[in-house]
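From first to last, the protein sequence lines are chains A and B.
Under this note's numbering, think of the first position of the first sequence as 83, with each following residue one higher.
Under this note's numbering, think of the first position of the second sequence as 2, with each following residue one higher.
Careful: at least some of the hints might be erroneous.
Below, a sample of chain A positions facing chain B; criterion: calculated Cβ distance under 8 Å [stated by the list, open to error]: (1) Ala85; (2) Arg125; (3) Val129; (4) Gly194; (5) Val310; (6) Pro341.
Heads up, incomplete: computed chain A residues facing chain B, CB under 10 Å, no partners named [to be verified]: (7) Gln89; (8) Leu151; (9) Val168; (10) Ala182; (11) Ala188; (12) Val196; (13) Arg203; (14) Ser205; (15) Ser218.
These are computed hints drawn from the structure, not numbers from a lab.
Given the structure is predicted, the values throughout are model-derived calculations rather than measurements.
For each residue, glycine too, the CB sits at the ideal point set by N, CA and C.
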Amino acid sequence: MSAWLSQPKEILAAVGEQGKFSARILGQVLSLRVLRFLGETLRQAGVLITSSTVVIWGLVFVIGLQCGLEGAYFTRSIGSPAYAGVFAAWCDLRELVPYAFGYMMAAKVGTGIVAELGSMRISDEIDALEVMGFDSVLFLCATRLLASWLVLPFMYVASIGAGFFASYLTVVEQVGDVSSGGYLLIFWMFQNPPDLLYSLIKAMAMATIIVLVGCYYGYNAGGGPVGVGTATAKSMVVNIIMVHVIGMLGTQLFWGANPRAPIGG
Amino acid sequence: MASTITARIFDPAKGALEEVGDMMILTGKTLVSAVRPPYSYGDEFVHQFLFALRLCWFPLLISTVAFGFGAPGLQAANFLVLFGALDRLGGFFVLASIREFAPFVTAIVLAGVAGTAITADLGARKIREELDALQVLGVDPVKSLVVPRFLALMIVTGLFDVYALLFGIFGGIVATLVNGAPLGPFWATFFSNASVTDLWGSFLKCTLFGAIIAVVCCYKGMTAKGGAEGVGRAVNQAVVIAFLGVFAFNYVFTQTLLATNPEMLVIK
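Isolated chain A (complex conformation) (with noise of 0.2 Å):
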């Protein structure tokens, strides 16, 4: 029975660890110390931009062609093809696709920082940078969550673009039951700036933690080349979990009591 609950209890026994890690973070961050160190934190946005933005838009993109697809053949069968846009509009912007970019941030961006500052733990880098007096948490941790503030916001707003564009095609293009007026009509009626707004600060709580995780796995891989694999898989549990649950925490607080649609008074 033990073997089936170590991994639950190993990720609760983390909590705290992770917790203090993360606020250490955090702090460097918002009080600006971070900023000794503003050429890494550009080039660490660099990195995101030119390594991470096609995949997640690629991501997003089939997850929107996945919602239209849902939706036309829904509303098809109630009767009702003509109002395909509200399904599109609720399910991409209000979930689907903070959740397509949290699970692509966590695959790609998660990993790949536990991956580069595992391997740099690993190669007794980061005791060098101790060494020459640098504060490695700073210097690695905080500048890439730094980077992450900077670039993601407008990442995601556009990753919303190519979900929108990707439910488009398959509604009106694709299945076809609907012209296209009519479907843009209802699609932009079902959803406002406040949503978006919601929707953005899902995703940007999902991306801080994922960084967060990533941070924390990556910093304290020991035990070889086996270590960093298996901190890397380790991370990915965590990301997962979180991802679900902010999303259904997001979707609580946000419309739980308020459905925000266009309909009765």
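Chain A is already provided as a structure; the job is to place chain B on it using the hints.
Only chain B this time, still in chain A's reference frame:
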């Protein structure tokens, strides 16, 4: 100048295509050596099966309940309450849970948890030259390592689909109860809309997701190179490719299923 630009564009594309081809070859080899005797991979299969089960049950439980409660539960309930038709939430869950999110949340969790563990394990063996040692001993690494992982992950992913369905629908029940509605109408519309085609489609889709994840993760683990950094990078690439592969396949599969089975779209 022009040649460097074309090289920068085409080399990654060529590399990606070559990698896809290699994965296809590995799939073929795995299938052939799975059916050809001797069937020496039984013990390893059981071990991998239990390993994946042990690793995934907890993340999958939290993920499916959270997803089921949040996305289809709360949002659809909000919408239906406006029309006073909350009893239709059960019918909506057939579409949302069985057809869509139970399979793909299962795939995400399996790829992220079991898939990464497989890549890390195989990658470490590759780096320590254990795979080469196996070949020197005359043991086929595909038969002894890839085939049991491939079969175990396929079957585990398929079975976990049922588990994800149960807990996803539990999320929907919580959403109904939060709105203060009775559960009877939820079950009534759920069971009148559920069809066997839906369930089979979901199960088949999820099993194939498992196959995609297993091939990608085994391939990336067995081709890891470059020391500690290499294993980490292999895990990173494996998850990214597995996610993209799963979602691309999901779109094609759902599209085909919905277009070829119009009778399952009828709301009852």
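Hints versus structure:
no. : hint   : verdict
1   : Ala85  : holds (6 Å)
2   : Arg125 : violated (18 Å)
3   : Val129 : violated (13 Å)
4   : Gly194 : holds (5 Å)
5   : Val310 : holds (4 Å)
6   : Pro341 : holds (4 Å)
7   : Gln89  : holds (6 Å)
8   : Leu151 : holds (6 Å)
9   : Val168 : holds (8 Å)
10  : Ala182 : holds (8 Å)
11  : Ala188 : holds (7 Å)
12  : Val196 : holds (6 Å)
13  : Arg203 : holds (9 Å)
14  : Ser205 : holds (7 Å)
15  : Ser218 : violated (18 Å)
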